[in-house]
Each structure stands twice: as C-alpha cells, then as structure tokens.
Amino acid sequence: MRAPISTAIAIATGLLVLFGAFLPIPVLLPIRQILLSWTIPVAATAGLIAILNLLSVHWRKLNSARERDYYSIFLLLAFVATFAAGLILSPTDPDFQKIVTHIQFPVEASLMGVLTVTLTYASIRLFQRKRGWLAVLFTASTILFLILLSGVLNIAENIPLVKELLAALNTLPIAGARGILLGIALGSITTGLRILIGADRPYSG
Amino acid sequence: MDADFVWTAVAFILTLLTLSYLLGDNPLFRLAAYLFVGASAGYVAVILLFEVIVPRLVFPLIFGNPTEKLLAVVPAVLSALLLLKLFPRLTSLGNPSMAFLVGSGAAVIVGGAVSGTLFGQIRGAIQPFALSQSSSGLQAGGQLISGLILAIGTVSTLIYFQFSARRKANQQTSRSTPVQMAAFVGQIFIAITLGALYAGVLAAALTALIERFDFLRTTIQTFLP
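Protein sequence lines correspond, in order, to chains A and B.
Take 1 as the starting number for the first sequence in this note's numbering and just add one per residue.
Take 206 as the starting number for the second sequence in this note's numbering and just add one per residue.
Treat the hints as calculated values from the structure; they're not laboratory data.
Check before you lean on any hint, since a few could be wrong.
As the list claims (entries may be wrong) - Dumping the calculated DMTMM-like pairs for lysine to aspartate or glutamate here, alpha-carbon to alpha-carbon at most 20 Å:
hint, chain 1, residue 1, chain 2, residue 2
1, A, K98, A, E108
2, A, K98, B, E273
3, A, K98, B, E416
4, A, K98, B, D230
5, B, K274, B, E256
6, A, K98, B, D209
Unchecked claim - Now the stretches of chain B that chain A is said to cover, found in silico as 3 or more residues with beta-carbon under 8 Å:
hint, segment
7, 244 to 252
8, 390 to 400
A virtual CB, placed ideally from N, CA and C, is assigned to each residue, including glycine.
Take these sequences, add in the hints, and give me the full structure.
Right under this line is the structure:
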C-alpha cells in the first residue's frame, strides 16, 4: 500500500468532517469544528508556500543563463514593495488598501475590458471554423441574450404575450445551467468520495 | 505633488499598459501583468499572515491558555511539515499535511455539493410542479409547461454528459437510441445556455471596458489644464 499514514490521515479527517455535517451524533460536531479550525491555518500555510514557490520560480528565471526573463524583476520588486508596505502599515491601513484600489482594480478591470475584444474575435474565429447548426444556435442565443440584457425589450413588456415569451426564453438557459450544475455537483461528489475511500491519493506525490 | 495624484497616475498608467493588449501582445502589457501578479502575491501574503496565521496559529501558541496552546500545536506541526514541501529532498515529509488538507477539503466539497447544489437544484426543479390553490387555470398551465421545459432541459443536459455505451455485435460502441435522442435535446439546451452565459460575460466585459475608458477620459480632463 502506497503512503499508508497519509492515506489514513486523509480518510479519517474526511470521514469525521463529513459525518459531523450529516449525522446527528453530538460528539462528532465539536470534532468537526476542531478539524476545520485546524484546516484554515494549514491551508493558509499552503497558500504562503505557493507564493514562495512563485517567487523562487521567478528568481530562477531571472538568474537563468539560457532563458533570462527580465520581466521577473518587476514581479519580485512589486512583491517586495507590497509585502513590506503590508508589514509596516498592516492590511487594514487605508494607504495599504490603495494597492487594491489603484493597482489591482485598474489592471483587473482593464483585463476584463480586453476580454470584450478577445471574446468577440474568438467567437468570429469559431464561427469561421465550425459552421454547424450548433454554432448557429450558439450565435443566435448569444445575440438574443445580448439584446435581452441590453434592456431594449423592457419597453415591450406591457404588450400581451411578450412578457410570457420573454419569461419562456429566459427559462431555456436556466434548464441547461441546472443540468451543468448538477453534473458538476455529481462529479465533485464522485471525486470527493474517491478520495475519502482512498481510491485517489493526490497527496502521496 | 500629493499622494492622490501619484496613485491616480499609477492607476492611469497601469490601465493604459493593460489596454495596450488591444494592439497585440507587447512588452508594455507584460510589464503590467508582471507588476499585477507581484503586487497581488504580496497582498495575499500579507492577508494570509495578518488575518489567518498570526491570529489562529502564532497568538494561541504564545499567548493562549493551555487548552488553546494544545489545540494550536497540531496545525503548527502540520504547517511546519508542509513547509518542508519547499525542499525537494524533504518533500515527502509534507505528505501527511497535504493528506489532512485534501481529506478535509474533499469532505467539505462533498458536503457542499450535496446540501448546496444537489438538494438546492433538485428543489428548484420540483418547485414549478407544486401548484398553489390560488393560481388560476391559465397560470397553473403556464407554470406546469415552464416546469416541464426546465425538467426536460435539465435531464437531457445531464444525459448528454453520459458517455457509457454498449459494444455491439460488430464491435462498434454506441449509445442506445433513446439516450442519443435525449443527448441531442441536451445539446440544444447546452448551446443555448452557453450562448446566454457568453452574452453575460460579453456584457460585463463591455461594461468594464466602458468604465476604464471613462476613467481615462476623466483623469485626462482632471489633470490636464
């Protein structure tokens, strides 16, 4: 058996947390709460390790003789500046919060804006390459829902039958989305249960 | 030069650098992307330290009562073992901590999927068939038809993702005719749903683009004489 200690820890922790949520056994509830309260700092440490790994990768890229990436220095400098400011000012300080409002928000919003052009270009490319009935239906649905989202048809809502027709049109994507959501949930449950019975061991690497 | 001016200038320059991607991938866009990732990583590291690790791990270990200290020892040991993942030779010592995280994470995901998504969505699918006494015949009929369309769409979408098939006598594998027909209906619903989602994302992205152009215009108007 591969990694017996880790497997035992994963199965025991998982089953205690799961049974604590669903079984009406009083002793399981505090055990579940303790386990979850332990998970939070360990998960935070995992997040810090991920950041340290990101920094080490960029440090290596900066010092690599073959494929030197000079952009990495900007990433490292931005990290050091932000981290130092956070340590000195604390995260709740309004001056530190300006990093979010004046660095993160403008870049995120601009990236979202850039998405308009890239998405439109991608949809045109898709339509050029795949001209089946599904592509036509997808495009028709996109155009129809863009019109609906724009609010142009709100004026016509008072006309008899139009309101019902719009409500019926809005029902169609809900049905598909519900199917997709249920599929995702069933997939998550299957994957989770495979870990809880030890069939999958993504931690033994 | 006051601090607000400097911050607005930073936001203005970063917006311009990011929007330069509209002309194609270029060094200015990469510069903005690298700065963004670095600043975000720094911000997340500070939040993790100040909001989670210090109050939930360091404080109870140093200033807590004996019970709190005892309870903080386990996550402290697990965190210390996890840190060994950074060293290739000692990486296997971090596996128990990863197992703990994966086990509790899987249980939380299973619990969330069952009580949050599965029960919630099934309840939502059943609801249109629970007709109230006060609704008129026409209303009830409309509600039933809407519920039926929703149920057909949901089930057929789920069937579309069912890929198990039987092997026929000629060694070919194919799904049975009813499953194929249901999958065809499911395909229609998926195309419509993805179209609607795409329209939603496109509308949101367009709103963000307009907001950014408005910010650029306002900044130029404010700071230029």
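Now the hints, each set against the structure:
1. About 14 Å separates the Cα atoms of A/K98 and A/E108, which keeps this hinted pair within 20 Å; it holds.
2. Restraint check: the Cα-Cα separation between A/K98 and B/E273 comes to about 36 Å, which exceeds 20 Å; the hinted pair is violated.
3. For the proposed pair A/K98 and B/E416, the alpha carbon gap of about 19 Å is at most 20 Å, so the pair holds.
4. At roughly 28 Å between alpha-carbon atoms, A/K98 and B/D230 are farther apart than 20 Å, so this suggested pair is violated.
5. Of the pairs offered as hints, the one joining B/K274 and B/E256 holds, with about 19 Å between alpha carbons and a cut-off of 20 Å not exceeded.
6. At roughly 10 Å between alpha-carbon atoms, A/K98 and B/D209 fall within 20 Å of each other, so this suggested pair holds.
7. Remark: the segment 244 to 252 of chain B is confirmed as covered by chain A, as 9 of its residues place a Cβ nearer than 8 Å to a Cβ of that chain, reaching the required three.
8. Check on the segment 390 to 400 of chain B: 10 of its residues sit with their Cβ under 8 Å from a Cβ of chain A, so the three-residue criterion for coverage holds.
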